[in-house]
Amino acid sequence: MNQSNDSQLHEFVAAENDAGLRLDHRIATRFSNISRARVQELIEAGLVLVNSRAAKGSHRLRAGERIQVQMQPRPPLRAEPESIPLEILYEDDDVIAVNKPAGMTVHAGAGTTHGTLVNALLGRGQSLSQGGDALRPGIVHRLDKDTSGIILVAKNDAAHARLSEAFRQREIKKTYIALVQGLLKEDRGTINLAIARDPKRRTRMTARRSIVLGNAREARTDWLLLTRVDATSLLEVQLHTGRTHQIRVHFSALRHPVVGDTLYGAAEQLRIGKITLPPLHRNFLHAARLGFAQPRTGAWIDLRAPLPQDLRTFFQQLAAAAGESPERIDATLAAYL
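So for the sequence shown, the working numbering puts the first residue at 531; every next one is plus one.
Check each hint, because a few of them may be wrong.
To be verified - In the DSSO-like style, the derived pairs of lysine-lysine whose C-alpha atoms are separated by at most 30 Å in a straight line are:
| no. | residue 1 | residue 2 |
| --- | --- | --- |
| 1 | K675 | K703 |
| 2 | K586 | K715 |
| 3 | K703 | K715 |
| 4 | K730 | K586 |
| 5 | K730 | K804 |
Think of the hints as simulated: they come from the structure by calculation, not from any bench.
Make the full structure from the sequences, and use the hints.
Here it is in structure tokens:
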């Protein structure tokens, strides 16, 4: 590989075992320090050449082709304010807690530049800590895009530092409601499976022992059965660690994927007898409760976020299709409405 320090031009020749590979995939594996999203940006900007001509990411390589990649630094990015309504569950001088809807990303990243929780907070004139980077002011923990519920944000750097340490020390109590496919045999349980990035599908995590050995992080999930309906189990789930996709990965590893979570093996639609339920279009996963010590005073604060209407409706449709008593279902959900 030739590299010019001034132009940041990288060159290499496709080897025999590169033949047939997509151009974008080959570049992503050769330059592991840049994301696949950034590779696409370089290709779309005409900064990737094959035999001196601009090429598409889908181009299939042939042995001997000369690939040139013109690296260019991204301009510095900052989160910008946007007028987006938010449901505020709690607020004081140090923290703000939001009931995040499903479909909203917490902060900007690959493929997402606007419409995030951070954009919405800045849009209400919110002062946020600078403990993270310019795209993640105030963010001390995250929820997946398709997971709804409570997220805690720091308004100042002192609160950010204390909350970040509390999360590291596992002093913050996080409780979720999840509907999973299949009938769990026990009424409660603990999942202790280490989690790592799936090397074959980079958008996924995995708990497979053959993959995670050596580069995984410990993860513990406790669960309590609330009720069984047809071939599903409604659970209260408590996290003791905060790994990426932890609940989704752990229950998928047990072959009980979260309903709606097609990334981890869930069906696109549930069938109850001869009835096919409408697709959920999100994961049946909701951060229902969060308990933490106020970072300035130490006072314990318990927060609750009601189960969203789309999840309540879906569960009621499921129960009706299974012939369950509406009164029993309402009683089960009463604590989370």
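Structure-based check of each hint:
| no. | hint | result |
| --- | --- | --- |
| 1 | K675 x K703 | holds (21 Å) |
| 2 | K586 x K715 | violated (51 Å) |
| 3 | K703 x K715 | holds (26 Å) |
| 4 | K730 x K586 | holds (22 Å) |
| 5 | K730 x K804 | violated (36 Å) |
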